[in-house]
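Based on the sequences and whatever the hints tell you, model everything.
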Amino acid sequence: MTEFNPTILAFCCNWCSYAGADLAGVSRLQMPPNVHVVRVMCSASVKPEYIFKSLVQGIDGVLVLGCHIGDCHYLTGNHRTAKRVPIAQKLLDDVGVDSRRVKLDWVSAAEGEKFQQVITEFVDEIKGLGPNPMRGVRL
Amino acid sequence: MNELGKKLARIAFDERGADYLLAMREEHGNVAPSMIRKGEDAGDVRVDLPYQLVNILSNIYPWVPKGRIAVVCRRCDEKALNEIIKRNLMDRDRLILIGLACTREQVALCRCSDPVPSKVDIGEANAPVREDPLMVKLDSMSQQDRLKFWTSEFRKCNKCFGCTLNCPVCFCDDCVLEEHTFTPELGIPPSFAFHLVRSMHMSDKCIECGECERSCAGGIPLLTLRKMANRDMKRMFGYEAGDKEKVSPLLTTLEGKLLEDGEHVC
Ligand code: SF4
Ligand code: SF4
Ligand code: FES
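Quick note, the sequences are listed as chains D and B, same order.
In this text, residue positions in the first sequence follow our numbering: the first is -8, and each later residue adds one.
In this text, residue positions in the second sequence follow our numbering: the first is 44, and each later residue adds one.
Since the hints were derived computationally from the structure, they do not count as laboratory data.
There's no promise every hint is true.
With a straight-line cut-off of 35 Å between C-alpha atoms, the simulated DSBU-like cross-links for lysine-lysine are [claimed, not checked]:
(1) K162(B) / K118(D)
(2) K74(D) / K202(B)
(3) K81(D) / K289(B)
(4) K289(B) / K300(B)
(5) K74(D) / K180(B)
(6) K300(B) / K105(D)
(7) K199(B) / K118(D)
(8) K199(B) / K44(D)
(9) K289(B) / K162(B)
Pair ranges (Cβ atoms, derived) [said to hold, decoys possible]:
(10) H59(D) / P176(B): 38 to 46 Å
(11) G127(D) / P176(B): 24 to 32 Å
(12) G127(D) / L208(B): 30 to 38 Å
(13) G261(B) / L20(D): 48 to 56 Å
Computed from a predicted model, the values in this text were never measured in an experiment.
Virtual Cβ for every residue (Gly too), placed ideally from N, Cα, C.
Written out as structure tokens, the structure reads:
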């Protein structure tokens, strides 16, 4: 049996997390190759709609990364994210999709190592959960 | 004019100074919402059909620039109006609520946990129903079975948009569900995302009137899904939609201050 290789999306805000990802890259930190980084202006640009759509289309896990609370370039953008994502997770649980497939975390521009750690752990967690059950769902 | 018509006209026009009365009225054997002017014969008013008068009110409100409107409101209608007024879509001073207490049968149909209006003018207060049997069943299921259940339910959706059109608190001008990114133009049923997106958008507004479930052409138990989400909101934020003053947690910062951009009605 071949090992399950999850496909993961990581939405990273332009001002902190994307810079953090960049730093992880230029520091040549080892990272799993399963993660596709999507650069967005702010974590609040990641409407829950996009999280749902990703999962419905078969993405195995969605990471939303933003600036730490208090550091958002748009001041309160990440406050919005901090409220929306937990709701989206609950709604997924309600219909039988494991909410651990969605994760919210804060990564600053200086935290290349944290970026590495967050995505490594997330990839491991998703590997443990197995393929997204919605991938096979045909409505 | 039937007895109910007389009673409602008296409450609305004589006692509370309304200029209009919005109620369900029977004419030639058909029952439909009617806007009754002061002085006009109220006719044969009916309150025995569950009907979403708030939606009708939302539609005509911009066309009635002056005067006070009395409207027959169940507890859920009253809560829907609270959500609408909080978002400045209507002016509380222009509305007069005539409280209608739902019958025991209706309360059972809606599995309603909050059936008594703040002031009962018509009908008798009935006890709330504490549990939704389907929700209890779904709670006890495994995750896989729950996904299977909702998948087979959502498969019945024919994208009629009845659930959004008839919802009293679905009031954005540009509906995200009409974006082809989330609801492809072609193809029935729409994807699973349709229902999740709707769920997200109703999460801080749904007042459990059950209109979506009643409207659903596919017979999907949408009210149960809403009740599950509302329970989540209550557990996470202590928030229950329909409150007169409390602002949605989605419109405030983590400290509870109002978010700055007013454009986010929804
Ligand atoms: S029960 Fe359905 S129609 Fe009624 S407020 Fe909630 S989402 Fe809207
Ligand atoms: S009312 Fe039912 S069938 Fe119509 S769009 Fe909503 S869920 Fe689908
Ligand atoms: S800019 Fe980074 S979270 Fe808003």
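Status of the hints after comparison with the structure:
Note on K162(B) and K118(D): the hinted pairing is violated, with a Cα-Cα distance of about 56 Å set against a maximum of 35 Å. For a cut-off of 35 Å, the pair hint linking K74(D) to K202(B) stands: about 29 Å separates their Cα positions. Distance check on the hinted pair: K81(D) and K289(B) sit about 22 Å apart at the alpha-carbon level, within 35 Å; holds. This hinted pair checks out: K289(B) and K300(B) have alpha carbons roughly 12 Å apart, not beyond 35 Å.
For a cut-off of 35 Å, the pair hint linking K74(D) to K180(B) stands: about 28 Å separates their Cα positions. Taking the CA atoms of K300(B) and K105(D), the gap is near 30 Å; set against the 35 Å cutoff, the hint holds. Straight-line distance between C-alpha atoms of K199(B) and K118(D) comes to about 32 Å, which keeps the hinted pair within the 35 Å bound. Taken as a hint, the K199(B) and K44(D) pair is honoured in the structure, with Cα atoms around 19 Å apart against an allowance of 35 Å.
Simply put, K289(B) and K162(B) have alpha-carbon atoms about 20 Å apart, close enough for the 35 Å limit, and the pair holds. In this structure the supplied range 38 to 46 Å holds for H59(D) paired with P176(B), their Cβ-Cβ distance being about 44 Å. Checked against the hint of 24 to 32 Å, the C-beta distance between G127(D) and P176(B) comes to roughly 30 Å, which is consistent with it. Distance hint check for G127(D) and L208(B): the Cβ-Cβ separation is about 32 Å, which falls inside the suggested range of 30 to 38 Å.
Range check, G261(B) to L20(D): Cβ separation about 49 Å, and the 48 to 56 Å hint holds.
Hint compliance for this structure: hint 1 is the single one not met.
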